[in-house]
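Q: Next come the chains, spelled out residue by residue.
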Amino acid sequence: MPEQQEISLSILKKRWLKFKTLKRGYYSFVLLVILYILSWFLPLLVNNRALILSYEGEMYFPVVSGYYAGSEFGQDVPGETIYRQLQATWETEDSDNWMIMPVYPYSPYEDITVTGNKMYDPPSSTHWLGTDNTGRDVFSRLCYAFNISISFALVLTILNYFIGVLIGGSMGYFGGKFDLFFQRIIEIWSSLPMLFVIIIISSIIRPSFFLLIFIYTIVNWIGMTYLMRAEFYREKSKDYVAAALSMGQTNFKVMFKHILPNAMVPIITFFPFAVVGGISALVSLDYLGFGMPPPTPSWGQMLDVGLQNITKAWMVFAPISALFSTLIMVVFIGEAVREAFDPKVYSRLR
Amino acid sequence: MSKNTLVDVKNLSVHFPVHGGVFSKRVATVKAVDGINFSIDRKQIVGMVGESGCGKTTVGRAMINILRHVAPDVEIGGSIEYHFGDEIVDFASLSSSEVRKYRSRVQMIFQDPYASLNPRMTVAQIISEPLQLHTDMTNKEQAERVGWLLDKVGLQPEQARRYPHEFSGGQRQRVGIARALATNPDLIICDEPVSALDVSIQAQVINLMMDLQDEFDVSYLFIAHDLSVVEHISDKIAVMYLGDMAEYGNAQDVYHQPRHPYSKALLSAVPLPDPSRKNRKRIVLEGDVPTPLNKPSGCAFRTRCPIAQPACAESKPEFKEQAKDHFVACPLVE
Ligand SMILES: Nc1ncnc2c1ncn2[C@@H]1O[C@H](COP(=O)(O)OP(=O)(O)OP(=O)(O)O)[C@@H](O)[C@H]1O
Ligand code: SF4
Ligand SMILES: [Mg+2]
Chain A
0 MPEQQEISLS ILKKRWLKFK TLKRGYYSFV LLVILYILSW FLPLLVNNRA
50 LILSYEGEMY FPVVSGYYAG SEFGQDVPGE TIYRQLQATW ETEDSDNWMI
100 MPVYPYSPYE DITVTGNKMY DPPSSTHWLG TDNTGRDVFS RLCYAFNISI
150 SFALVLTILN YFIGVLIGGS MGYFGGKFDL FFQRIIEIWS SLPMLFVIII
200 ISSIIRPSFF LLIFIYTIVN WIGMTYLMRA EFYREKSKDY VAAALSMGQT
250 NFKVMFKHIL PNAMVPIITF FPFAVVGGIS ALVSLDYLGF GMPPPTPSWG
300 QMLDVGLQNI TKAWMVFAPI SALFSTLIMV VFIGEAVREA FDPKVYSRLR
Chain B
0 MSKNTLVDVK NLSVHFPVHG GVFSKRVATV KAVDGINFSI DRKQIVGMVG
50 ESGCGKTTVG RAMINILRHV APDVEIGGSI EYHFGDEIVD FASLSSSEVR
100 KYRSRVQMIF QDPYASLNPR MTVAQIISEP LQLHTDMTNK EQAERVGWLL
150 DKVGLQPEQA RRYPHEFSGG QRQRVGIARA LATNPDLIIC DEPVSALDVS
200 IQAQVINLMM DLQDEFDVSY LFIAHDLSVV EHISDKIAVM YLGDMAEYGN
250 AQDVYHQPRH PYSKALLSAV PLPDPSRKNR KRIVLEGDVP TPLNKPSGCA
300 FRTRCPIAQP ACAESKPEFK EQAKDHFVAC PLVE
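Protein chains in written order, with numbering that gives the first Met the number 0: chain A, 0 to 349; chain B, 0 to 333.
Looking at chain B on its own, in the form it has when it is part of the complex:
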């Protein structure tokens, strides 16, 4: 662990109990995240990919400590240690009230630009809310900062008095970015920030986010569905499958020399005009993704893995550093 580390996620698990029956007894557990390890350095962009339902959003929400809000009985294990200066703060074990004063350091940009802005508040009110909570700026200073931020994200400061419904999806997402940046956070969780946007403006928004990352010296956990977006922008890539982390390493390594069978399959589906891999074979995965309610024993991927062995059903594969900074959860490819 370098001293540049911003956050160290160790053995994080998130389990949602499922209740049923007359007395609301616990009947099952959704293992949305099941013991994952990774870390994010300062000013680093970590891309996180995986199929729908594999727990990416849950990881992101655990990292800003808001899971308990929607699911009060959620069980969170492991630790999420943030290194803020000399302080080490574990977001997994602190209560919401204890976390409050660190909240300005970690922010989130949401997937749906329509649901993530309060329709009853003006843009100025939306962006100045974190300023009110975490700074002692006067109203005038706040208004100035809002104007400045709007300018940074490519909107006009005069638009501050407008309501979200007067903006397009792309513009709203820019407002969301301005809000996330307002308090100069150390980390921004970007949960599929462009997937709800029109293809023609996705690139614009991503480029803007990259410019801002540079300017604000912030780290990103960039969650996305597919590898092609993530490869361009990330320093590191984390591949998730059904609540487990399959592979984690430098973007170049994971992208060009994927080791885990699941990452290989994901990559083979990326339609890129890359001459070096022109003749690669597309690996088509058989079968459906199992549900996190009923995970296969041993390696969760074994029901679809092309190289699965009987031994894979026995114990969960170790998440091992197979090459320098390249972690893989599959002993068969070592």
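Same shape as in the complex, but just chain A:
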């Protein structure tokens, strides 16, 4: 009886269940997902602007609404309000004004020009990982750089996959002249020394997040395209495709409804490793100084200044361990995914 009631599971669902049993990869996945989601709320968690502020009976939300001059809240500073100081003043004065600051009240951008910040401040209870050569808080920069690194890798990978599936899939599926044409293009393309091309481009144009994504996509689309070409080429000659066509299904539907779900194995198993590649790519560009424009927080740039100030251990240690633990978690995920997709479990179906 229980045999009969067991719900049929798609292969993908079975693989997900298998993945969940692989603890190391699964917990890395959960942790990374949580951290990444949290990192989108960083302005509420790690920031030097107050979340809520009540001044003379009126409410302000500096985190959301942005710049307020110090004079607005009766603070005698040039430029923007220094909320931490203001809060301390109000507390000692025991005034009716109050504010709620983020948990970690330092922004990744405020340097020594803001009074109270010092260069090369070693780790302490205020600056958990110390400050860097311009007095910026290392922990705060580390957090924001995490968001940028992962976002960069994800956007890059998804874009590459999109192009790969579209072009590679069509190459494999339609074959013929289309296939031949793109094969030649890919051959020419892949023989260009791409790192130099990137360095040249980004020394001419000031790079930004999307420009870097664009440049890297131009380089990276080839890998996924070749994989997808092979998958679609193999799948299209299978009889289920012939069956779909013989009942009048359109090429578009056959490609994306029938073949693509059967070509998901390389897409999913390759994903974590593509993310590793994306993160490392950004780090190395930033390290070389051709990456995100300053003062964008980035691990590569932090590594660079850290190595220039090698005696200030925290400045080296922080980005290296952040990079290391992120990469190793992604690799753990990749490992588990690969094991979950191991064909031996479903001997006939892969």
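Honestly, the hints are just simulated from the structure, not real lab data.
Computed from a prediction, not measured in an experiment: that's the story for all the values here.
Hints may be right or wrong, so weigh each one.
To be verified - Using 30 Å as the maximum straight-line C-alpha spacing, the simulated DSSO-like pairs for lysine-lysine come out as follows: (1) B/K100 / A/K176; (2) A/K12 / B/K139; (3) B/K100 / B/K24.
Start from chain A and add chain B with the ligands according to the hints.
A: Relative to chain A, chain B with the ligands alone:
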């Protein structure tokens, strides 16, 4: 040609160009099918036999117009005229998009029950796909029809939610049959539908197909390797050799009075306890089958034919009606 004709295949040829060299120049041609003629009537079962590589599958795929999909540069000659009511539709010359609206009329059952069902779709999704494409049934009606079809092919309607990998080969082939029947087609091409199955269930599946043929009033082109399966079930038998049709006629005639030397050899290899032909001699063919890349001139069979004459090399033998409804491509046995 009777007015009962469903499809008339005239002079059908399928040539695959072979490309090679740096510039992918055409270096040769695989003549997989080389000008064949036959027809299938309504509610008729035509058995097609021949050795591996003689072009049976290619004929079947030409008849459902999906050759161009795998080989975009294939050259198809002749005509495949379907008579759908008053309409005459030539599947050999129409493009895939023009053929689309007639696709529900001709379906195929494939040889490999593992490759012919999409492993990512449930049985219900697989069988209802043709219904979505060719009917305006609501989801509920589709689900009912799927259940009904599953029942017809001897599966339980509750199994509709399962995935192909949860079925045995025989059960999968039943799903394939249900899918082919879903839109009430006029013709089903059965490409060796049982040869991948366990011997013990081959008969079951064939019997099921015969029952369904009766019930759905559908015609079959039943492709098989050997004559013994085909003889039982077919009204007509077509014997193919290396892209040519050697013999075509009523099943009884071809089976009991084969005329073409190749059919005779094929039949002599059938191990049947048939008392009337107990003392027949087994004809063993000499030599290998030539490849369709490099076909012998004249009669393609001449390299192995026991009665070949020098004249056989000169011109391709005419496919001639030597007796009523009995076509043979060999002038020497007339
Ligand atoms: N896409 C193709 N490109 C080139 N040659 C092809 C192609 N498809 C089939 N052929 C050739 O056409 C010939 C006939 O093949 P086909 O599959 O029709 O034979 P068959 O009679 O079905 O054989 P089997 O009994 O093994 O299934 C073979 O020589 C094969 O190599
Ligand atoms: S034509 Fe000649 S070679 Fe061909 S089957 Fe007849 S006798 Fe044999
Ligand atoms: Mg075949």
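Q: Please go over all the hints and tell whether each is borne out by the structure.
A: Do the hints match the structure? See the list:
Restraint check: the Cα-Cα separation between B/K100 and A/K176 comes to about 28 Å, which is no more than 30 Å; the hinted pair holds. Restraint check: the Cα-Cα separation between A/K12 and B/K139 comes to about 26 Å, which is no more than 30 Å; the hinted pair holds. At roughly 36 Å between alpha-carbon atoms, B/K100 and B/K24 are farther apart than 30 Å, so this suggested pair is violated.
Violated hint for the displayed structure: number 3, the only one.
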